[in-house]
Amino acid sequence: KLSHESANGNEPVVLLHHLGLPDQRVEHTTLPIFDRVLPADHLTTLYIAQMAEPVAGELARLHQLARTLREQCPWDREQTHDSLIKHLIEETYEVVDAIEALDANDPASDEALIEELGDLLYQVEFHATIAEQQGRFSLADVARSIHDKLVRRHPHVFGNVVANSASDVVQTWDEVKRAEKKSVDSAASTFTGVAKSGPSLQYATKIQKRAADVGFDWPNSDGAFEKIIEESAEIRQAVALNSDPDTIRMELGDLLFSVVNLSRHLGHDAEQALRGASEKFRHRFEQVEQLALSRDIDLANAPLEQLDALWDEVKKQ
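Heads up, the sequence shown is in the working numbering, so the first residue is 420 and it goes up one at a time.
Be careful, since some hints might not be right.
[Claimed, not checked] Using 25 Å as the maximum straight-line C-alpha spacing, the simulated SDA-like pairs for lysine to any residue come out as follows:
1) Lys-699 x Glu-509
2) Lys-615 x Ala-659
3) Lys-601 x Gly-578
4) Lys-625 x Asp-567
[Unchecked claim] Quick list of simulated restraints, FRET-style, between CB atoms:
5) Ala-459 x Gln-621: 24 to 32 Å
6) Gly-476 x Val-561: 25 to 33 Å
7) Leu-712 x Phe-556: 54 to 62 Å
Derived by calculation from the structure, the hints in this document are not laboratory data.
The model shown is predicted, which means the values in this text are computed figures rather than measured ones.
The beta-carbon is built from N, C-alpha and C at its ideal position, and this holds for glycine as well.
Take these sequences, add in the hints, and give me the full structure.
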């Protein structure tokens with residue numbers, strides 16, 4: 420019972436006592452009070468349905484390990500929610516790398532993703548363990564919160580709402596989410612709930628979508644194209660006039676914001692588009708390095724014309 424002291428509510432359990440004997444008993448009760456139902460001995464079995472699935476057992480082991488490390492490891496004891504932020508971000512990006520490296524023909528790529536997802540899961544467990552020790556909340560609260568939210572946000576599964584496509588699901592999700600926010604804060608902004616600390620491209624996309632939801636948006640991509648042209652001219656003018664760094668940074672931001680807007684109108688994720696372009700550039704430049712090495716060319720001292728020629732050669736491959 421102590422190993423499940425954080426269990427929530429009246430979870431059902433079954434006591435199997437002296438099965439096959441004249442005084443056998445099968446008692447359906449709940450976790451908080453099962454030890455008061457009958458005098459247990461070595462012929463008594465406790466069945467906890469939640470622990471029947473392997474995932475529950477493994478999560479329980481991880482939870483106990485997190486507690487042990489928090490109590491006995493000097494480094495773990497020193498950590499706070501704030502100190503773990505950089506690790507949470509790092510592990511998240513490592514999961515992204517593992518996902519992008521997945522190969523259906525290479526089982527080892529699955530193992531890499533398993534490892535990285537585990538590292539990320541431990542970050543969630545770590546934060547929950549810190550909060551639990553502070554008497555604030557536990558991992559059970561985290562799991563219950565996301566479970567209940569997913570049920571609320573899927574009325575087409577658990578209610579009477581009809582959703583015939585993925586876009587219908589997204590629309591329903593957003594509608595339920597807005598209703599939830601308004602019920603908490605009647606004066607909530609259109610942008611309430613959009614985290615400011617996320618990647619800038621993602622942040623821009625989210626606030627653009629929120630504005631579009633209330634009708635503040637171009638009717639099609641034409642306006643987004645025109646806005647990019649307008650912002651490009653403004654940054655050119657700012658540079659030509661030797662404007663101060665703050666002005667140039669502001670104009671650059673406007674241009675980037677406009678590009679994100681175009682990406683959204685065209686149905687593409689700006690983060691993924693930029694990542695793909697960056698990966699393409701990195702791959703080609705590494706090929707340029709290999710080509711230069713094979714021809715005994717020092718890239719650091721080679722003229723730009725020679726570098727361009729190498730780049731064009733690689734690009735044609």
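Quick rundown of the hints versus the structure:
1. Lys-699 x Glu-509: holds (22 Å)
2. Lys-615 x Ala-659: Distance of about 32 Å is beyond 25 Å: violated.
3. Lys-601 x Gly-578: holds (21 Å)
4. Lys-625 x Asp-567: holds (24 Å)
5. Ala-459 x Gln-621: 24 to 32 Å: Cβ of Ala-459 to Cβ of Gln-621: about 53 Å, so the range 24 to 32 Å is violated.
6. Gly-476 x Val-561: 25 to 33 Å: The hint (25 to 33 Å, Cβ to Cβ) is violated, given that Gly-476 and Val-561 are roughly 19 Å apart.
7. Leu-712 x Phe-556: 54 to 62 Å: holds (55 Å)
Hints 2, 5, 6 from the earlier list are contradicted by this structure; the remaining hints agree with it.
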